[in-house]
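Visitor: These are the residues of each chain, in order.
Number of protein chains: 2
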Amino acid sequence: MDRRKMIGLAGAGAFGAAAAGVVGSQLFDRAEPARASDPGAAVPFYGTHQAGIVTPAQDRLHFVAFDVITDKRDELIALLQKWTAAAARMTAGKDAGSIGAVNGVAEAAPDDTGEALGLPPSGLTLTIGFGPTLFRTAEGKDRFGIAGKRPDALADLPKFAKDALKPEISGGDICVQACAHDPQVAVHAVRNLARIGFGVVSVRWSQLGFGRTSSTSRNQQTARNLFGFKDGTANLKAEDTALLDEHLWARAGDGADWMAGGSYMVTRKIRMVIETWDRTSLGEQEAIIGRNKGEGAPLSGAKEFDEPVFSTNGSDGRPLIPANSHVRLAHPEMNDGARLLRRGYNFVDGSDGLGRLDAGLFFIAYQRDPRKQFVPIQTRLSRQDALNEYIRHVSSGLFACPAGISGTEDYWGRALFA
Amino acid sequence: MDRRKMIGLAGAGAFGAAAAGVVGSQLFDRAEPARASDPGAAVPFYGTHQAGIVTPAQDRLHFVAFDVITDKRDELIALLQKWTAAAARMTAGKDAGSIGAVNGVAEAAPDDTGEALGLPPSGLTLTIGFGPTLFRTAEGKDRFGIAGKRPDALADLPKFAKDALKPEISGGDICVQACAHDPQVAVHAVRNLARIGFGVVSVRWSQLGFGRTSSTSRNQQTARNLFGFKDGTANLKAEDTALLDEHLWARAGDGADWMAGGSYMVTRKIRMVIETWDRTSLGEQEAIIGRNKGEGAPLSGAKEFDEPVFSTNGSDGRPLIPANSHVRLAHPEMNDGARLLRRGYNFVDGSDGLGRLDAGLFFIAYQRDPRKQFVPIQTRLSRQDALNEYIRHVSSGLFACPAGISGTEDYWGRALFA
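Protein chains in written order, with UniProt numbering: chain A, 1 to 418; chain B, 1 to 418.
In short, the hints are calculated from the structure, not lab data. Do not rely on the hints blindly, as some may be mistaken.
Said to hold, decoys possible - Per the computed footprint, the stretches of chain A lying under chain B, defined by three or more beta-carbons under 8 Å from a beta-carbon of chain B, are:
id, region
1, 111-123
2, 187-199
3, 290-299
Unchecked claim - Computed beta-carbon distance windows for the label pairs:
id, chain 1, residue 1, chain 2, residue 2, range
4, B, 103, A, 218, 21 to 31 Å
5, A, 168, B, 379, 33 to 43 Å
6, B, 332, A, 78, 44 to 54 Å
7, A, 166, B, 311, 54 to 64 Å
8, A, 147, B, 103, 34 to 44 Å
For each residue, glycine too, the CB sits at the ideal point set by N, CA and C.
Please construct the entire structure, taking both the sequences and the accompanying hints into account.
Guide: Here it is, written out as structure tokens:
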């Protein structure tokens, strides 16, 4: 069943119907790249690189990390093949399986869970990554005969200063990043992958997010994180193709040929102590970030996209952009030119039992080699960043995301298992 | 600072800009009732009834319950006045306070947290309710001199069969339901109310939701819950004004004059065991719900809005709509005509540590008297509903939501404290 065919019957959510410009019984009859003006449309699943990396960041996230609970290589490969087929269908706005949610025989469980019936593709992307423990378990076991294929770039992250990681929401053998303009579509996709994976994988942790905090295209306006500041102004963007080749995409010569065209993903769940932040003066907030709050301009400039000038001093003889400000410490100029493609989301997970909202940033960054990019940047930030007083890293993930799927014969991980 | 004025500067999120039909530097320059075709618009804050009850259900929810941590009546009233002013501003798309996020003096904390800068009003509604413990604490203390004003209809809910309530995410002295088409706008509102309430209230629990599962207007198409079924087909709708007078709005003669024009809210966080549900056959799922999954028609009919006919038997001599089906047991015909205005949302709160998604329905229902509506319906459901095998009620709330705010001199709770 094609979900789009259901729209006249089942109705789109208010968002889907309105944003895609349809009303009542009109049908979506085309799938084309998502544009800001048509967030209901589909993002192509097949391509050189996986979708969901340089794809203009969608507004909603459901991220999931799985543990693989079988030791059988064939079962894992069979699941990856089933997942790939389901992902191709769901990103096109179809049910997860060909029989679907409602067309099955009454005696069988549906092969789609149904909650996305009638909703358009909504820009859904599904991006897979393989964690270090897939190659060799924490106990040292090479369950799937791929320990030798672990990329050097997929080196375990060091413990950073002030890390407060919870193991139960960190790591994972396989991750899937589901992004869409409608959370119900992202949740539906993750839930169906978990359903299909029953007996082979188990959900280790998952995270919802909203309000993309890092634009990944020059056509997107910069969103704000829960500190109230624009986030992602200086991010790598889809249009920076030369920079992407240098900083984002792994190459055959990099050490793991099967990762050519892929990228390495680091996730960090960063809890913000927003109640303390909210009682901090505007001037101090701006000094900590190194940008002003309204426009998002560096404190050395006037406009958001002005390049920060770290050498400029104020009338007091001190740098306009303080030495321990976030923007200064994270800037490529301070990190041997290292850059990241960030793709984070805001989160609120209810409250923490201590009278505070449990809120913050779910940081996601893609890069060619974390050893040269995330690790040195975060080492510096974790030691010196003035923002550390207001944040706590509570979860961490590291995943190798292979190249894109070339066609219907290809599947997630084929290059790894070939 | 008017957030709408910021749009050309700071940019709208992809959703806001696209859905409201604006691009680039265009400004929102009017506030009018939210329509499905313009989810960026404002919903009027002032009126006979509080907004957020019969307002066409927005797509996103942030619900918060507060404990009042002062015993001083004056402090509580002062907070309610400050909250009302902030709510009027935020629902109009403005900063929470007149100085705002970025226009303050550098030495003072901003009076808005800033993360909604540039976002349109997004249909935000803020609906307040007062819990039983505001009138008298669990220890029996009448902290604010209002114990005598507790409505009889605000009687503590009984313990229902199979209740598995967690006290730490149940109850609360005051609740605020924030609904909007953009989660960042709903989160911003709750976060700023919490900020303003520092020292007077403390966040007890909060819940995010998405994908409104009960339409509250005939102009909305019925959304689906995480069982994959349409939810809210037979809901009370904004257009049913005679039914609303009978079933939704409290009256002066009902026993608590200060609640005239208000309504009573019941919340239930209903965890779904979706992994088990997903392995249940389509036929069994439909028999449990009493409707088919694709169209949402009652099993006695063909179309979604066909009235269920409980007396019709199938060829096997048994009712087409089984005796223990959800739709039958919840139907007014089985409950002395009792009806609810439901306004629930789907939730996914990550995973549960046991390999499963922590997902379900955050049920919200408004009514004239829970003793005659929610309580008898839920008593029946909790004993007989076939759905009970797949759900667990983990949180419960009960709140008296007063009438609307008449103008700038009025404030949340004035009739109660007068």
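Visitor: So, for every hint listed, does it hold in this structure?
Guide: Hints, verified against the model:
1. 111-123: holds (count 7)
2. 187-199: holds (count 6)
3. 290-299: holds (count 5)
4. 103(B) x 218(A): 21 to 31 Å: holds, 29 Å
5. 168(A) x 379(B): 33 to 43 Å: Holds, since residue 168(A) and residue 379(B) (Cβ atoms, about 38 Å apart) stay within the stated range.
6. 332(B) x 78(A): 44 to 54 Å: holds, 49 Å
7. 166(A) x 311(B): 54 to 64 Å: holds, 55 Å
8. 147(A) x 103(B): 34 to 44 Å: With Cβ atoms ~58 Å apart, the hint is violated.
The structure fails to meet hint 8 from the earlier list, while all remaining hints are met.
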